[in-house]
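With the hints as your guide, set chain G onto chain W.
Sequence lines, in order, name chains W and G.
Reminder that position 30 of the first sequence reads as 29 in numbering that gives the first Met the number 0, one-by-one numbering, no gaps.
Reminder that position 71 of the second sequence reads as 70 in numbering that gives the first Met the number 0, one-by-one numbering, no gaps.
For the record, the hints were derived by calculation from the structure and aren't laboratory data.
It is possible that part of the hints are untrue.
[To be verified] For lysine-lysine, the following BS3-like pairs were computed, each having C-alpha atoms within a straight-line distance of at most 25 Å:
(1) W:Lys71 <-> W:Lys122
(2) G:Lys140 <-> W:Lys68
(3) G:Lys140 <-> W:Lys122
(4) G:Lys140 <-> W:Lys64
(5) W:Lys122 <-> W:Lys180
(6) W:Lys64 <-> W:Lys103
(7) W:Lys71 <-> G:Lys131
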Amino acid sequence: MVLNWKYGGLALGLVFFLAVLLVKPIGVSTQFVILDGILWDMQNPDIVTQADDGAYTSTNAYLAKSDGKYAKAVANPVNYSFIFVGAMMLGALISSILRNSVPKGERMVPAIWRANYGGNVLKRWLVAFAGGFIVLYGARLAGGCTSGHMMSGMSQTAISGYIFALGAFLAAFPTALYMFKEEG
Amino acid sequence: MMTIVLAIVIGAAFGFVLDRIGATNPNWIGRMLNLTNLHLMKTILLAIGVASVLTFGGQMLGLVDVGHMSVKTAYVGVFIGGLMLGLGWAMSGFCPGTGVCALAVGRIDALFFVAGGLLGAAAYMLSYPVWKDLGVLEGDKITLGAIPGADYPAAFPDLQGDLAGLAIGAAFIVIAFILPRRFSRKKAPAGTQPAE
Chain W
0 MVLNWKYGGL
10 ALGLVFFLAV
20 LLVKPIGVST
30 QFVILDGILW
40 DMQNPDIVTQ
50 ADDGAYTSTN
60 AYLAKSDGKY
70 AKAVANPVNY
80 SFIFVGAMML
90 GALISSILRN
100 SVPKGERMVP
110 AIWRANYGGN
120 VLKRWLVAFA
130 GGFIVLYGAR
140 LAGGCTSGHM
150 MSGMSQTAIS
160 GYIFALGAFL
170 AAFPTALYMF
180 KEEG
Chain G
0 MMTIVLAIVI
10 GAAFGFVLDR
20 IGATNPNWIG
30 RMLNLTNLHL
40 MKTILLAIGV
50 ASVLTFGGQM
60 LGLVDVGHMS
70 VKTAYVGVFI
80 GGLMLGLGWA
90 MSGFCPGTGV
100 CALAVGRIDA
110 LFFVAGGLLG
120 AAAYMLSYPV
130 WKDLGVLEGD
140 KITLGAIPGA
150 DYPAAFPDLQ
160 GDLAGLAIGA
170 AFIVIAFILP
180 RRFSRKKAPA
190 GTQPAE
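Bound conformation, chain W alone (with noise of 0.2 Å):
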């Protein structure tokens, strides 16, 4: 069961607002960078290098931009913000476990796709990866997503935040009423 948005919305609040006051506002799409970099330097490991005064660069650029801020985080995976994503996992795991875990039926189509195009699990299956791909494109493009850019930025008054916003919901909200006409 869900939690009354009064409660979630409090406890989501606190979450972030603990997270600014402890260490840094919470950001998740970059650790698709970082794992990215991490299973593609496993292949070649020519992809990080360590300079002698230990400075990490990479042969991406993207990688080697900002001081090679993500080519270190590459080349050390045991970070702050690394694990925080697998440690998310861990908690949203637990609380599944605590709230009866998700229907078998839904866990391959869930019920609003269900009601609008069917139980093809392939269809959806097709939809959700390619979903995946214009979603993480267009948060790295950004340079953040819903968590780091909609409610870190946004909790900060960051202007960065409400243009994302603006971008996001300005695309998000047409198509899903023209996708999704049943409720589900």
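Chain G in isolation, oriented as in the chain W frame:
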């Protein structure tokens, strides 16, 4: 070592709460974005408001270190990327954080979302120089008002940034209360309502 412990504690709390508010469930995302059930929108607006009021209120009282803020750069690509994220978010019902959490709670479609995401992020890593050459990644780390103790340039330099943050936070909370759960008069389908 301490930072890793904090990563585990705060990360787990974040994942736990995302699951409890329905954000790991593509049905709740879809119903928010097709405007049939705005419950999750109310949750998110309240959360932004609460975080904002606590952050800026804490700064004004000297309890929150301004140095912990991290404002991202505003540039044209933020808007283009935002549009893309919105499109994929509505299509799939996942965003990066809720996608990995949905995978963790056993949603198989989220596995495909995360796989697509890894490929999309890789595609950006390769195409990054193109965007850079276009000049759409240039900008500044701007905040609404001038925040005392931080050196971010302000969109409105005469505006006191921490007060503005408090006011906007309060506005988010008010909107969260005012926003109706449903626009349509049609009754919500069974099992789609939150606990009271």
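A quick look at each hint next to the structure:
For the hint pairing W:Lys71 with W:Lys122, the CA-to-CA distance comes to about 38 Å; that exceeds 25 Å, so the pair is violated. Straight-line distance between C-alpha atoms of G:Lys140 and W:Lys68 comes to about 18 Å, which keeps the hinted pair within the 25 Å bound. Taking the CA atoms of G:Lys140 and W:Lys122, the gap is about 41 Å. The hint is violated against a cut of 25 Å. With a CA separation close to 17 Å, the supplied pair G:Lys140 and W:Lys64 stays within the 25 Å bound.
The hinted pair formed by W:Lys122 and W:Lys180 meets the criterion: a straight-line CA distance of about 17 Å does not exceed 25 Å. A distance of roughly 43 Å separates the Cα atoms of W:Lys64 and W:Lys103; the hinted pair therefore is violated under the 25 Å criterion. Between W:Lys71 and G:Lys131 the alpha-carbon distance is near 21 Å, which keeps this suggested pair within the 25 Å criterion.
In summary, the structure is inconsistent with hints 1, 3 and 6 from the numbered list given earlier, while agreeing with the others.
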